[in-house]
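*Asks:* Mind docking chain B on chain A? Use the hints.
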Amino acid sequence: MKWFLGAVIVIGLLVGLTALALTEPRQLEASVLPDNRRGDVENGRYLFWAGGCASCHAFPCPDAPNRSCARSDEEKVRLTGGVTIDTPFGKFVAPNISTDAEAGIGGWTTLDFVNAMKRGVSPDHGGGRHHYYPVFPYASYQRMTIADLVDLKAYLDTLPAVADRPPAHELKFPFSIRRGIGMWKLLALDGEDFTPDPAQSDEVNRGAYLVSGPGHCSECHTPRGLFGIDTALAPLDHSRWLGGAPNPEGDGMVPNITPDEATGIGRWSETDIAYALESGFTPEFDTLGGAMAKVQENMAKLNPEDRLAIAAYLKSIPAIDLPKR
Amino acid sequence: MKQFAVTAVLGVALVAATAVTAADNPIASRQTIMKNVGASMGGLGKMAKGELEFDAVTAEFALRTLNVASHGYGELFPEGSDTGAENRAAPEIWSDRAGFDAEIAKLQESTGAAVAAPPTSVEELGQTLASVGDSCKTCHEGFRLPAK
Chain A
1 MKWFLGAVIV IGLLVGLTAL ALTEPRQLEA SVLPDNRRGD VENGRYLFWA GGCASCHAFP
61 CPDAPNRSCA RSDEEKVRLT GGVTIDTPFG KFVAPNISTD AEAGIGGWTT LDFVNAMKRG
121 VSPDHGGGRH HYYPVFPYAS YQRMTIADLV DLKAYLDTLP AVADRPPAHE LKFPFSIRRG
181 IGMWKLLALD GEDFTPDPAQ SDEVNRGAYL VSGPGHCSEC HTPRGLFGID TALAPLDHSR
241 WLGGAPNPEG DGMVPNITPD EATGIGRWSE TDIAYALESG FTPEFDTLGG AMAKVQENMA
301 KLNPEDRLAI AAYLKSIPAI DLPKR
Chain B
1 MKQFAVTAVL GVALVAATAV TAADNPIASR QTIMKNVGAS MGGLGKMAKG ELEFDAVTAE
61 FALRTLNVAS HGYGELFPEG SDTGAENRAA PEIWSDRAGF DAEIAKLQES TGAAVAAPPT
121 SVEELGQTLA SVGDSCKTCH EGFRLPAK
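In the order they appear, the protein sequences are chains A and B. FYI, the numbering for the first sequence is 1 to 325, going by my numbering. FYI, the numbering for the second sequence is 1 to 148, going by my numbering.
If we strip away everything but chain A, and leave its shape as in the complex, we get (with noise of 0.2 Å):
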């Protein structure tokens, strides 16, 4: 009976050490900067848009906390943290990411900023990295080049401090626990930098790093699944890429944005799409709305050739038919 015993705490152990390893946090060391670039701000800026850093870390509305109210770009540079959005998981608070030093990122070094974007992970100030909650989309972040990195950090470090302190999350157990996020991201983090495809025209790649990289754009609009079962605790499902999913705050379903005739935007032109993203305005006039609106002004700030880039690319890949629930 006693070896029986022995047996099943060393195995408990070996799992539990296994698992710890597993879930280590894991950085990139400095050596992937590149020498002696001092970050170029108007590229950062121009991430900045392209990122949509403001839609979720801007100042809340005070009556709908789910979204942030700054309209101007005065409001939508002070990075107070604070939008609040409820999931089955429990509330998550977008945290100031301001040059506070306290209530902010003030201290971070842009090695501390890469490995927030590329790999999830906090800095170490002391007692150890801690992974970020994939709900800040790194996922997708992960595919930016580091030297835009570099150049966002840059623009980042010109914006105001701001000392607001938001709440931290209120997560459901076993949620609660940061270090659960390792295995997730076993699944969901591959670490590969964007990769054009050869056979696409520089337009097509260029909409392709800007929609899977600082667009994040998948995190809304494909499905999350593994192994036939869709649930919200999965990695993006790739073979469905823009496909369609349900709405991660309640009822209703983020678009299909995928060339699909029935289920998707197959009949909308290349322009209908640039123009949608300039505008706000649908083929058919209606208006983006819902989550979309800061996403569109946030598009409306980018180059015209970058807007029909991010078109030309979402023409580009398989039409995924959504079905209807």
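Calculated directly from the structure, the hints in this document are not laboratory data. No experiment lies behind these values; they were computed from the predicted model shown. There may be inaccurate statements among the hints.
[What the hints assert, rightly or not] In silico DSSO-like links for lysine-lysine, alpha-carbon gap of 30 Å or less:
| no. | chain 1 | residue 1 | chain 2 | residue 2 |
| --- | --- | --- | --- | --- |
| 1 | B | 106 | A | 315 |
| 2 | B | 46 | A | 301 |
| 3 | B | 35 | A | 315 |
| 4 | B | 148 | A | 172 |
| 5 | B | 106 | A | 301 |
| 6 | B | 46 | B | 106 |
| 7 | B | 148 | B | 106 |
[Stated by the list, open to error] Sample of chain B residues lacking proximity to chain A, with all beta carbon distances greater than 10 Å (derived):
| no. | residue |
| --- | --- |
| 8 | 27 |
| 9 | 55 |
| 10 | 79 |
| 11 | 95 |
| 12 | 104 |
| 13 | 109 |
| 14 | 113 |
| 15 | 115 |
| 16 | 124 |
| 17 | 129 |
| 18 | 141 |
| 19 | 142 |
Ideal Cβ positions, reconstructed from N, Cα and C, are used throughout, including at glycine.
*Replies:* Relative to the frame of chain A, chain B by itself:
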């Protein structure tokens, strides 16, 4: 003058039709109104994009339709009208009623301004649409649910 009379009559008819049906079926009424708004916006948008030749009279007519639609629209959202038929009214309409009413007031204001000084060129129409479209967007952002 005649054209204004036609517009006025049609506008009154639209409002009257709404008033008659509103009490019975606010969901259907407000959806019909939004379809009319969509049709008007479609015409204006095509002119702004250059797909339809710009015509000042038609543009003004369409803007008047939008303005008429915005008056009384809030009354089509009484308590309890979130259920009863398929609709995309978000719960915020009632939990943040002041915010919703403010959006409607914004639409009345932007379309009212457009009617008071109708665009005489494609460029001016572009500016009008940006202002009116912003009212559409902010209301749809906070108070309309995603499609099923």
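*Asks:* If a hint holds in the structure, say so; if it doesn't, say that too.
*Replies:* Structure-based check of each hint:
1. B:106 / A:315: violated (36 Å)
2. B:46 / A:301: Holds - the C-alpha atoms of residue 301 of chain A and residue 46 of chain B are around 23 Å apart, at most 30 Å.
3. B:35 / A:315: Distance of about 28 Å is within 30 Å: holds.
4. B:148 / A:172: Answer holds: residue 148 of chain B to residue 172 of chain A is near 28 Å, not above 30 Å.
5. B:106 / A:301: With Cα atoms ~24 Å apart, residue 106 of chain B and residue 301 of chain A stay inside 30 Å; holds.
6. B:46 / B:106: With a Cα-Cα distance of about 24 Å, the restraint between residue 46 of chain B and residue 106 of chain B holds, given a limit of 30 Å.
7. B:148 / B:106: At roughly 27 Å apart (the allowed maximum being 30 Å), residue 106 of chain B and residue 148 of chain B satisfy the hint.
8. 27: holds (16 Å)
9. 55: At about 17 Å from chain A, residue 55 of chain B clears the 10 Å cut-off, so the statement holds.
10. 79: It holds; residue 79 of chain B is separated from chain A by about 18 Å at its closest Cβ, greater than 10 Å.
11. 95: violated (8 Å)
12. 104: At roughly 15 Å from the nearest Cβ of chain A, residue 104 of chain B sits farther out than 10 Å, so the non-interface label holds.
13. 109: holds (16 Å)
14. 113: Since the minimum Cβ distance to chain A is about 18 Å, residue 113 of chain B lies beyond 10 Å and the statement holds.
15. 115: holds (18 Å)
16. 124: holds (16 Å)
17. 129: violated (8 Å)
18. 141: Nearest chain A Cβ is 4 Å from residue 141 of chain B, so the label is violated.
19. 142: violated (6 Å)
Against the hints set out earlier in the document, violations occur for numbers 1, 11, 17, 18 and 19.
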